[in-house]
Structure formats: structure tokens, C-alpha cells
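Enquirer: If you want the building blocks of each chain, they are given just below.
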Amino acid sequence: MYQIFAIIGIIGSIVCSIGDFFLYRCKGTDSIRIGKDKKIESNWDKAKTGDFVVSGVLASISIPLYYLGLVSFAQQISLQNRGMGIAYFIVLTIGAMGGVGFHLNSCFMPLIYKVVMQSGGSLQIVEEIYAIMRKACSVSAVLTYGILVFVNSIWVWVVILTGIVEVPKILCLLTPLAFLFVGNLLAKCSKVFQTFPLAVTNTLGLGGIAVIALVSML
Amino acid sequence: MNTNLIYSIAGLIGGLLCCVGDVLFDLKGAGNQKLGTSKNIDSNWLKMAEWRFGTSIMIAVIGDIGVGLGFYSIADQISGMHPVLSAVTGLTGYAGAVGGVLIHSSLCIQAVIYKRIMSGGEENFSIADHTLEGFYKAIMPPFVLLYLVLMTADICVVIAVLNGALAVPKWMALLNSVVFLLIGWLFRAIDPKKFQDLPGIIMPSLGLAMVGLTGIIAIL
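First to last, the sequence lines map onto chains B and P. So in this note's numbering, the last spot in the first sequence is 214, and the numbers never skip. So in this note's numbering, the last spot in the second sequence is 239, and the numbers never skip.
Isolated chain P, as found in the complex:
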């Protein structure tokens, strides 16, 4: 069996696992409000079960391994004709998957910190806000850097589809995280109540799963 096919299948499964991790963490339910100095606190974290955040981190670590392999498969498939694009795709893809773990873990840990501090009562809100403000400022630089790296990897796949490096239909260039995120925002704009959590949950990870799907179709 073609090893790149195995890597791409791992990429598809990995992306879908990341979706599961996102749902556990980011499906906050109705009546959620943004709180805190930087509006980085979700009021519904208090209603959500704590196991969801720990499990979400574990699933994200496993899922991102698959996502990294999915990008590697694409990089390997295009390496003959496009060595530079291949190297950039492979490196930013794996670095982006690493970033996915960082981004996901730090978001989940924020929720855990908030829940634990607030278990002492409503009067602890200023402690929680101050704590999460410090945490938020410290994690932001690597967070932004790695998100950009992940987007770069996604754009590399789009280029590989559009320039014919991958033998897939050109419309498949639309199957990426950025487009999926835009669709999520569009749905939220249409019905804010129903699709409040949609851009955060599922959509970007579903886009990453599509990298695996693109790799599979290119091989078959």
C-alpha cells in the first residue's frame, strides 16, 4: 500500500479528531457571554464539565499527529516537481500541527483555571480575570506565530492544487481552513443564536481534515 495514502488517511482522521476536541472545548451552549478585561472568558465555562477540557487536550494531541502526517503526504507527493513548495508545506505543516496542540491546550487550560478559581465563589472573579489576563498575554506571541504558520501550510496546499502539482480538481482548493472559517462566520451572521459557536468549533479543524482528503484523492 502507498505509504502516502496511509499518511493522508491519518491526516483525515486526525482532522476529524481535532473536530471532536473542538466540540468538547468550544461548544459552550446557549446564553454564553464574553467576560473579562480582554473578553477572553466565556461565562458558560462554569456550566461545562471539567473532564471535557482534559479530554479535549488529549484528543487534540492525537489528532494533530494525524494532521502533521497529512501535510507530510502532500509534501512528499509534490516533492519531485516542486521541491521548494514541498519543503515549505512539510515544514510549516508539521510546525502548524505543533501549533495546533499549543493553541488548543492553552485555550482549554484557561477554562480550567477559570473554573477552579471561580469554585471559591463569585467574589473571586477579579482574581480569575487578573490571572487569565496574565496568562493570555504570555501565550499570545507563540499563539499568533503558530496560527500564521498553520495558515501558511494551508495556503501551500491551495497553491499545490491550483498549479496542478496535485492531481485533483481545482475546486478542491476551496477545501481549506480559511474558507471553512469564513463559512462558519457567514452562518453565524445569518443566525447568531443557532450558529454562535460554529466558527470556533469544527470549521478550522474540518478544513485541516480536508488536507488529508485532498491527499487521498490525489493518490487514488
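Isolated chain B, as found in the complex:
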């Protein structure tokens, strides 16, 4: 069953990345950052509403799916160290839920800009709404980046390097932090990758953990 969970986890991370792609393609390549805090992409008002809907639906479906990949990895830890496996499961359950709030915030921001501006509202109104959303989603953001990316990656490295989960050490590279590093490097190296969404690399890193779980079961 945990092999199936890992495979579902991999599929979930790919589906989530596709959702991220729909969200990030909204801004296109010629968008400029506007507003007081430079948080608004000028091209958001030209984006198709369908893209936000597709992104939201794909994220909603895929987050529980990639979470199963993390559950599968927790099980692999539990086989050698039950306490550590349970702790990983609880921490990642919290982190994955944070990912939902964070993704929603990212989906809602362009949508709100588009509908407010097209309805005759002002940039000031949009920025005021964003300020409240930022506060409301601060817990989610901390959970997402703190747990899902950083704690998760470090935890996976520890269990691989100490041999708790027996897989080739090179698989340490299949973690969100490693993917984030590569994404940043690519963005710095080439303009082509500057619009390449870093969130996509994070999400694929979560699928990477499902791959590690699968390898450890083979």
C-alpha cells in the first residue's frame, strides 16, 4: 500500500507543478512589478480567469496526493525508528496544510487584482486587501517554508545519511531545498529561467521525497 502511496505522491507533485505553471504563466514574460510594495504583476489583469480556476482546482486535488508520498516516507522511517517516523508524519501533516494556505494566497492575489481593476477599483484597494491577506496567511507561509521546505529537507538528509532509510546517498538531492537551490541557480544563470517559478521546484522536491520512499521499498 505504501508503494502505491509513493507513486500517488509522485503524481500529485507533478499535478501540483502543473497547477503552479498555470498560476505563474499569468504574468507572462513582459510583466513589470507595480504597486507600493512591488508585489503586483502588471500582466495579471490580462490573464485568463480559467487559469486561476485550473490552478486552484489542481492545487486542491494534488496537495492531498503529494501528502501521501510524505506519509509513505514517514512509514519508511517508522520501520527503523518509530518515534522519528511518527514525529515526521505529524510535522509534515502540519506543513502540508500550510502549503494549502500559501498556494491559495498565491492564487487569490492575481485573481483579486484582476477582478478589482476590471470592476473599476483602484490599485490602493488591491494593496489594502493584500496587506490583510499577508497577515492572515503568515501562519501558512511560515508552515510552508519553515516545515515543508526546510525542516522536511533537513529531516530527509538526516535519515538518509544516518542510514535510517537505506537508499543511495545521492538521493539527498531529491529534496525541496535542493530543488530550490537548483531553481535559484538556473534563474541566476539564464534569463529564460527568470520567470521559471521557484514554487514549481519546491513542489517537485516534495515528489522527490516520494521517489526516495519508493526506492527504499524496492
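Don't read these hints as lab results, they were simulated from the structure. Even for Gly, the Cβ is constructed at its ideal location relative to N, Cα and C. Warning: the hint list may mix true and false statements.
[Said to hold, decoys possible] Sample of chain B residues lacking proximity to chain P, with all beta carbon distances greater than 12 Å (derived):
hint, residue
1, PHE17
2, ILE30
3, LYS32
4, LYS34
5, LYS42
6, LEU61
7, GLN76
8, ILE90
9, GLY95
10, ILE128
11, ARG130
12, PHE146
13, LEU181
14, VAL207
[Unchecked claim] The calculated DMTMM-like cross-link candidates involving lysine to aspartate or glutamate, where the alpha carbons are at most 25 Å apart (straight line), are:
hint, chain 1, residue 1, chain 2, residue 2
15, P, LYS134, B, GLU124
16, B, LYS44, P, GLU152
17, P, LYS66, B, ASP26
With chain B held as given, fit chain P onto it using these hints.
Expert: Quick look at chain P alone, frame taken from chain B:
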């Protein structure tokens, strides 16, 4: 200590936290009217303090983590004898909890958008209505989908109680979101003035808290 017991306690606390989040957002007070093209605007949002909506989202995120663990506990408890029901309960339970965050956040953000636009004066109502209409149409598909998923998880727990997979009295099958929502509607039908906000506030989340309670009783 049994880890499933910890998860179920987290489920109970999570559901109750969701109730608190619901009260902050949905207790609109007397004299509220439904406004707008799709009647998705509540007139009393203007009277409600803005911090209530932001805090409500934060509490819902934390509460839904507990709700997800509550469903996981049930799934784990029945996994030996009923693997398929267990898998469906676990997956739809966590997905439903994810949906809870989406549903709750999008409802709260609608209120914030309305308040901000209307702070410019009554003449901004058409801008607010048009904005929320666009927002409402965009969030509806994932909203409906995830609500159905959450109901599926709840029904799985009912099945687990009725088929004896969980060692609890059969009447506990009544402790679920759908039944609680019906009770809320019934109260509102009896006294619309007093219980106007009851179906929206507390009731469905209280039903989710009962999933945690069911898990606790099944273990003890």
C-alpha cells in the same frame, strides 16, 4: 500512549477551533441582509471588525490540521479489517480538511474585499458587487468539489460506525456534519431571528469535531 488517541484528540480540538473560526467570520448579528447579484454579500460585513476575518483564517488553518489528523486516526483504526474504506477515509479526510481551508479562506477574503471597496463610500457598491461576482465564479468549482470530498469523508466515518469497524455505539453515526447542519437549519426554521446564523456557524465544524470524539471513544 496510543498515537491514534493523540490524533483523535487533535481532531476534536481542531474541529472546535474551526467552530471558533466560524463564529469569528459568520456570526453576523441582527439585521443582516443578503446583497449582490448572486446574494453572496452580507450587509453586516461592514459592521464587523476586520481583524475577525484574518484571525478566522489563521484559526481555520490550525484547526483543519487537527481535523485531518482526526480522519487519519479513524482510517488507521479500521485499516486492518477494512483497507479500502480506510484508504478512502484517510485520503478524502485530509483532502476535505485541505478543502476546509480553501472554503473558509475564500469566504473570509470576500468579506475583506467588500469592506475595503465599500470604505470608499456607498457609491462603490457596484464595483464591490462586480468584483465579488468575478471572485465568486472563480472559486466556486474548487469550493463545490472539496465540499463534496469533505462530505464523502464524513460518510465514510458513518459507514465505519454502522458496519461495526469502529467499536462505538451505532447512534454515534448521527454525530456528523450533515446531521448537525440539518439541526442548524431546523433551529433556524423554528426561530429565524434567534438562529439566523446557526447553520453557517459552528454546526458543520462541530460535526467535524465529532469525528475526533468518535475516534477517542473507539480507542478507550
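Enquirer: Which hint numbers does the structure go against, in order from smallest to largest?
Expert: The structure conflicts with hints 6, 8, 9, 10, 11 and 17, although it agrees with all the remaining ones.
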